[in-house]
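J.: For reference, the chains in residue letters:
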Amino acid sequence: MTGPGGAPGSPVFDAVVVGAGPAGSAAALALARAGRSVVLVERGPFPGSKNVYGGVVYGRVLDEVVPEWWKQVPVERWVVRRSTMMMTGTQSVSVDYRSAAWGQAPYNGMTTLRSRFDSWMAAKAVEAGAVLVTSTVATHLLRDAGGRIAGVRTDREQGELWARVVVACDGVNSFLAKEAGLMPVAEASHHTLGVKEVLELPRHIIDERFGLRGDEGVDIEMLGCTRGIPGGGFLYTNADTVSLGVVLSLPHLAEAKVRPEELIADLRNHPSIAPYLRDATLREYSAHLIPEGGYDAMPVMVTDGMLVAGDAAGMTLAAGLWLEGVNFAIGSGLAAGRAIDRAIAAGDCSARGLASYRADLEGQFVLADHKRLRKAPGLVLSERIQQRYPGLVCDLVEGMFTVTNPTPKRGGLRVTRSAAAKHGVKLRQMAADATRAARIFG
Amino acid sequence: MSPPTGALGGANPVPGGPWRGISFEDRMATVEFRVGARAHIVVDSDVCRSCTTQVCVTACPANLFAPTSDGGILFNYEECFECGTCYMVCNHEGAIAWTYPDGGQGVVFHHG
Chain U
1 MTGPGGAPGS PVFDAVVVGA GPAGSAAALA LARAGRSVVL VERGPFPGSK NVYGGVVYGR
61 VLDEVVPEWW KQVPVERWVV RRSTMMMTGT QSVSVDYRSA AWGQAPYNGM TTLRSRFDSW
121 MAAKAVEAGA VLVTSTVATH LLRDAGGRIA GVRTDREQGE LWARVVVACD GVNSFLAKEA
181 GLMPVAEASH HTLGVKEVLE LPRHIIDERF GLRGDEGVDI EMLGCTRGIP GGGFLYTNAD
241 TVSLGVVLSL PHLAEAKVRP EELIADLRNH PSIAPYLRDA TLREYSAHLI PEGGYDAMPV
301 MVTDGMLVAG DAAGMTLAAG LWLEGVNFAI GSGLAAGRAI DRAIAAGDCS ARGLASYRAD
361 LEGQFVLADH KRLRKAPGLV LSERIQQRYP GLVCDLVEGM FTVTNPTPKR GGLRVTRSAA
421 AKHGVKLRQM AADATRAARI FG
Chain Z
1 MSPPTGALGG ANPVPGGPWR GISFEDRMAT VEFRVGARAH IVVDSDVCRS CTTQVCVTAC
61 PANLFAPTSD GGILFNYEEC FECGTCYMVC NHEGAIAWTY PDGGQGVVFH HG
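Which chain is which? The protein sequence lines are U and Z, in order. Terminal number for the first sequence in my numbering: 442, no gaps in between. Terminal number for the second sequence in my numbering: 112, no gaps in between.
Just chain U, same shape as in the assembly (with noise of 0.2 Å):
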């Protein structure tokens, strides 16, 4: 391992970065670039390897990585469909958006794998100057004689590694952060768990199934399959395979007591999915939890010497129309590159000194969007949205367009009471959650 030992108040690297993923090699980035020395710690085999994700990556944040990513990007393909599905076990009701723009440079959003994506990311950190270190745990945090964060102590002999900065960016469950005191206690009710199947098809067929082309992609997204937990369904066509699965809520799936690939495999079954993965072949089954709580259940960021980012610091967006996370990560991590290279430039590495990195993620989308849709995951998660709309809307469709002769046909109006009073909503409460909806996305 390079440069372990050191004593307490002697830094030998200018930062130490604990977690390989894409916070925390945007974070290596910045500081390497900035001519600071930095070691990324992955505890994996390789960056990438304990990292699972919902599918897509909004790349525009790239452009501060290098210029013109999407020529080199190890995408899958590039999402120019997207589609929201509201379901029950036997309907669905689709709103499906499709652009020839998001085929085009700069592109919107792509799918990737996260081995190649984390490792290609990483890479570019290593480019840089900073010294990755794989196969390597980050257990404990190192303090200087005052008691301040001054580097890790890792599981290799002799593993110390001495910094000026520490940057956690270890992940959701963030064991960095807790033991430093800025996170309260994991609660499970801000955390979903995503369960995932990798599905393998030829890739003729993922064009022919999906109405694709060349290197286009789709994202669907999807709610009410989730047999009333909180959370909902997704599927997104990579090269020759589809991921596809669920995000539940944690409590409420433990309160259920169903098992997570049962409902998986409901979405697999159900009458509007199953004749897209018909004949596919499980190539990889994952999961992984995910941070829901938005801006309201984030940690403190900042303390002597350490900054947290990325899912760490809670900042995956579960927003329901907008559902992103990658590009929260790498953001956090190049604004947390940025505000370690001014706190050395000025010999201030006490929070105070790091201040500037919560004000540089405040002034951009990062924590400006999280704050803006910070009442969303409770929508979004709420009663009425999860186990009441989807059967509503789809009820309401089918009462629109089912001809019915020789009987006349109903008014809209009649067919929405008919179909609200039938799931137990009335239609105040749902004048009351559009307006709520309207205040939190508006």
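It is worth saying that the hints were derived from the structure and are not from the lab. Quick reminder that beta carbons are idealized off the backbone N, C-alpha and C, glycines included. Heads up, a few of these hints could be off.
[What the hints assert, rightly or not] Facing chain Z, a subset of chain U residues (Cβ under 10 Å, in silico): (1) G44; (2) G48; (3) E68; (4) K71; (5) Q72; (6) V73; (7) V198; (8) T241; (9) E255; (10) V258; (11) Y285; (12) A287; (13) H288; (14) L289; (15) R374.
[To be verified] Short derived list, chain Z residues pointing at chain U, Cβ under 7 Å: (16) V55; (17) C83; (18) V89; (19) D102; (20) G103; (21) F109; (22) H110; (23) H111.
Once you have looked at the hints, place chain Z on chain U.
T.: Chain Z alone, transformed into the frame defined by chain U:
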């Protein structure tokens, strides 16, 4: 609905009708695990015996927790996704001690 086809209805179809999926064993066989000698999760079965819900048994996506006949919990660490679901849903203080496996060991996702 069509009869089971392809690997999803393959070698060991589970009960529950066509296309319910593959057996759990076959499902987990798609995942690479580099199993270390040290158990990175330790379960205190004495605490589990006083737990009436034992929600870890169904919630764990890798199905690693099994109730024992004496009311305790038997745990296998080898095929763990390292997700953290078990300790977060556990409502009994001290029942589950959770750390990461040693560096380079544990789950290795290739399509995450």
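J.: Each of the hints needs a verdict: does it hold here or not?
T.: Tested hints:
1. G44: holds, 7 Å
2. G48: At about 7 Å, which falls below the 10 Å cut-off, the nearest Cβ of chain Z leaves the hint on G48 (chain U) intact, so it holds.
3. E68: violated, 26 Å
4. K71: The hint is violated - K71 (chain U) has no Cβ within 10 Å of chain Z, the shortest such distance being about 24 Å.
5. Q72: Hint violated; Q72 (chain U) Cβ to chain Z Cβ min 21 Å, cut 10 Å.
6. V73: violated, 17 Å
7. V198: With a minimum Cβ separation of about 4 Å from chain Z (threshold 10 Å), the hint on V198 (chain U) holds.
8. T241: holds, 7 Å
9. E255: Interface hint status for E255 (chain U): holds (7 Å vs cutoff 10 Å).
10. V258: holds, 7 Å
11. Y285: Interface hint status for Y285 (chain U): holds (5 Å vs cutoff 10 Å).
12. A287: holds, 4 Å
13. H288: The hint holds - H288 (chain U) has a Cβ within 10 Å of chain Z, the shortest such distance being about 5 Å.
14. L289: holds, 5 Å
15. R374: Nearest chain Z Cβ about 22 Å off; hint violated.
16. V55: holds, 4 Å
17. C83: For C83 (chain Z), the interface hint holds, since the closest Cβ of chain U sits about 5 Å away, which is under 7 Å.
18. V89: holds, 4 Å
19. D102: holds, 5 Å
20. G103: Because about 4 Å separates G103 (chain Z) from the closest Cβ in chain U, which is inside the 7 Å limit, the hint holds.
21. F109: holds, 5 Å
22. H110: holds, 5 Å
23. H111: holds, 4 Å
Checked against the numbered hints above, the structure violates hints 3, 4, 5, 6, 15; every other hint is satisfied.
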